[in-house]
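Sequences listed follow chains X and P, in order. At position 35 of the first sequence the residue is numbered 35 (our numbering), and the sequence of numbers has no breaks. At position 99 of the second sequence the residue is numbered 1099 (our numbering), and the sequence of numbers has no breaks.
Derived from the structure by calculation, the hints contain no laboratory data. Don't be surprised by glycine CBs; every beta carbon is placed ideally from N, CA and C. Do not take every clue at face value.
[Unchecked claim] Label pairs and their computed distance ranges (CB to CB):
(1) P:Q1364 - X:A72: 30 to 38 Å
(2) P:L1113 - X:G104: 32 to 40 Å
(3) P:Q1364 - X:A124: 37 to 45 Å
(4) P:G1381 - X:A114: 48 to 56 Å
(5) X:E296 - P:Q1301: 54 to 62 Å
(6) X:G36 - P:G1381: 52 to 60 Å
[Stated by the list, open to error] So, partial list: chain X residues that the calculated Cβ filter (under 10 Å) puts toward chain P:
(7) R65
(8) Q198
(9) S309
[Unchecked claim] If you want the ones that stay clear, here's a sample from chain P, every Cβ over 12 Å from chain X, calculated:
(10) A1032
(11) F1051
(12) P1061
(13) A1117
(14) T1119
(15) D1174
(16) T1210
(17) G1327
(18) V1402
(19) P1403
The primary structure of each chain is shown beneath.
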Amino acid sequence: MRPSQSARQSVPRADVVVIGAGLAGLSCAAELAEAGASVFVAAKGLATTHWTHGGLDVAAPAAARTSRDGIARLARTDGHPYSRLARDADAAVSRHLVRVGAAGLDHAGSLATALAPFPTAIGALRRAAIVPLAQAAALEPWRVTGLVLVGIRGFPDAWPEYAARNLENAAWPDGPSGIRAVEVAVPGVERLRNVGSQDLARLFDDPAWRGRALAAIAAALPPGDWRVGMPAVLGVEHHAAAHADAEAAFGRRVFEVPSLPPSVPGMRLFDALRRRILASAGRVQIGFDVVSVEREGRHVIAIHTEAASRTLRLAANAFVLATGGIAGAGIRALPDGGLVERVFGLPVVGPEQASWFSDDPLMPHPLEAAGIEVDEQLAPAGLENVRVIGSALAGMRYLDERCGDGVALASAHRAARSLGAPRAVAA
Amino acid sequence: MTFHDAAAREFPPYSTDACVKCNVCTTVCPVARVTDAFPGPKYVGPQAERFRGPDVGDASPDRTVDLCSGCGICTRACPHGVLIAETNNRARAAIVADRGSSFRNRLISDTDLMIRAGTPLAPLANFGLQNRMARWMGEKVLGVHRRGPLAKFSRTTFGSWWRRRGGLTALPSDAEPSKTIVYFHGCAVNGFEPDLGRDAVAILERNGFTVVVPRQECCGLPFISNGLYETARRKAGRNLSSLAAFARAGSRIVGTSTSCTHALKAEYREMLDLSDADATAVADATWDICELLVDLHDRGQLDVGFAPIVEPLPYHPPCQLKSHGIGTPAMDLFGLVPGLRAIDSDHDCCGAAGTYGLKVERWQIAQDVGAPLFAKVRASGAARAACDSETCRWQIESSTGVPTVHPITILAESYRRADAAREEPWRRIV
């Protein structure tokens, strides 16, 4: 940051400034804004919504049967965020599903739904229970139904053949009766030079093109009792219609298989939450990197975000830190083994540097558990009007435990309540 | 701040090391959204940058970087702080330095020259700009699209109005620098929209400032956007030597074009490597006019005697404003005008991107980028729209038929109505 002069422009004071625009930050901001608080979301950039599968990983440690069971197991782990947040998960998840449903993004499943294998883009299986409606057919009982994975010629980020072979060799109890792959030429796409999932999704938003493409795919499907796995490109703005049209055109159940980043289901989730915040008069600003903090003792008065030649001062009564963990760049590892939290400089607990390196690059990294320790209200030590939510919290191994989204929502809900959201809801 | 951040701020392409190839930038790029010819910010930015270098000249692996419109949305969306748009702009400049530039690009960048040539002949020049035959010729000979949004020349420049008015061009000896504003009018106000400049001066004076308009020329941004860094540096150098003394004395430099003010604040440093004491002093002293007015309001120093303007007003925050990192101060100001129902367009880019939308080979891309915005503006049924940046205003206006003004025009009108109501109280009931 360049030295700035004393004069600084500010925007109208907000009740709460939320720092970070991932699932945790956006859902906390939405809950506060819906309750009548004035909310300003300031994020350095777009976040993990755009990288992940768009479903909700609430809790799926190895032995868990349902998400609720998973939460209970993780809550018994010393220092795990769920040891504090378990009781918030129910309300948080159901509020979230209602919220994004109202923005046109319906889901299937609940905390009581049995965790079931969901096929990934490379043909591995991950356990899931709460998914967007367009992914739900993958979790329904298969019995005698087969799975046909569809690829689109010219689209380099889905490999149905490869995924199908891997799935044939995977242990998929009660899985499909057979697995096939087809690759289909859809109108115009083969001629394109640059085809990302977001490009295809925008094509699928167009009803005329969609009709032709779905007809081409339908013609390539084998006869019989199949369910169709499509790359997750069935529209962004008109996704529900695109999914319904696909099921109608194929005469079969259709589910989306999330692809490599960028994630179209994640883009839809981001859009839905952002729309909810804007509809409640909240503001969302992307590209606002926090560079300094004004505090008076234990109280944060304002944050300053980087601007073209001076910082922008954002004053508020309370601040929510939703900047993510090591993967979301909310926490940084230094060459000397130190770990720093980027906004407030909060102390980070995490593994010793000696454990950062291993011979197995595919193992979950121990630094994912690094994070901030907080009290019951999710306030970090030393700062009374700050709440820490999402994967900035210490103590979870979200890749193994598949709990990142549930912790994000539960902590967002707890933080919103502790900052006064329920009072305003009642009013 | 780490060493890496510091280094990247000195030389933006260093920041590309932080790219994790997540493609977030590709999802938000308005150009990649509408044309398959542009592979997107990740490919032409952090990917291609690995093959570029100071000794490689224009051996850029992919010249499609020239399709980047420079809107800067990718930089703001990047979760890892990669200065993508800035890197792309430098890559284009390296290509231009090696291979040269077209006559067309030099011509449409040179707004100072256009105004010198066009103003004395305003009626004739404007006839040419409106004439279909002349525009057709312009497209065939020059490569300026026949429907590219061009403003009409004013018959007098803002500069000549200021001289006739006897306006200050230097700090008077008794001036209090902190109460003195240096107005950077930019080419648009000077040659095409002098009324906006007069409104800006009226608003600044009403709020207690003495306004000075020193010698200035085009900020150089059109040259920067077209990769013509050497010409841009010459213009920047002359502006800096004219403006730096005011900045050092403690006066603020205020502009009505978010593009010019962003050039003074950021692009001189990020693109042109101008980071000496003059450039830093000017960057720190430069304010967008709405940014300044909101700051005054925060301090309780803004005259808030705004008279009602009862109308819906679609407002488009331009990309250059977003790059200031100051939010949307015009929206906050609109909130002070009773009856004004400002609606944020919530659309990324109008497509114009300075001179981009004028070029015959880019015009359709620019139209497609802005299409959802144009539809929103038309659907609003509003009598006019607002936007802080001139080429965006012209693009919105020419593509929608809805007159599009600077937020300052609205605020000045509201102040004038308040004055009129004071003088003629019967007007209040109208």
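Notebook entry, point to check: Is the nearest Cβ of chain X still more than 12 Å from the Cβ of P1061 (chain P)?
Noted result: Given that every Cβ of chain X is farther than 12 Å from that of P1061 (chain P), nearest at about 14 Å, it holds.
Notebook entry, point to check: Are Q1364 (chain P) and A72 (chain X) spaced within 30 to 38 Å by their CB atoms?
Noted result: 58 Å, violated
Check: Just checking, V1402 (chain P) versus chain X, shortest CB gap more than 12 Å?
Finding: 23 Å, holds
Notebook entry, point to check: Does T1210 (chain P) really sit off the interface, with its C-beta more than 12 Å from all C-beta atoms of chain X?
Noted result: 18 Å, holds
Next item on the list: Classify the hint on S309 (chain X) as holds or violated, based on whether any CB of chain P lies nearer than 10 Å to its CB.
Entry: For S309 (chain X), the interface hint holds, since the closest Cβ of chain P sits about 4 Å away, which is under 10 Å.
Check: Regarding G36 (chain X) and G1381 (chain P), is the given constraint of 52 to 60 Å on their beta-carbon distance met?
Finding: 30 Å Cβ-Cβ, so the 52 to 60 Å window is violated.
Notebook entry, point to check: Is the hinted range of 48 to 56 Å satisfied by the C-beta distance from G1381 (chain P) to A114 (chain X)?
Noted result: Check passed, 52 Å falls within 48 to 56 Å.
Check: Does the claim that F1051 (chain P) lies off the interface hold, with its Cβ farther than 12 Å from every Cβ of chain X?
Finding: 18 Å, holds
Item checked: 32 to 40 Å as the expected CB spacing between G104 (chain X) and L1113 (chain P), which holds or is violated -> Violated: the Cβ-Cβ distance is about 51 Å, outside 32 to 40 Å.
Check: Going by Cβ atoms, does D1174 (chain P) stay more than 12 Å from chain X at every point?
Finding: 23 Å, holds
Notebook entry, point to check: Hey, does the Q198 (chain X) contact hint survive, CB to chain P under 10 Å?
Noted result: Holds, because the Cβ-Cβ distance from Q198 (chain X) to chain P comes to roughly 5 Å (cut-off 10 Å).
Item checked: P1403 (chain P) and chain X, when compared Cβ to Cβ, separated by more than 12 Å -> Per Cβ check, P1403 (chain P) is outside 12 Å of chain X; nearest 27 Å; holds.
Hint violations for this structure: numbers 1, 2, 5, 6, 7, 10, 17, all remaining hints satisfied.
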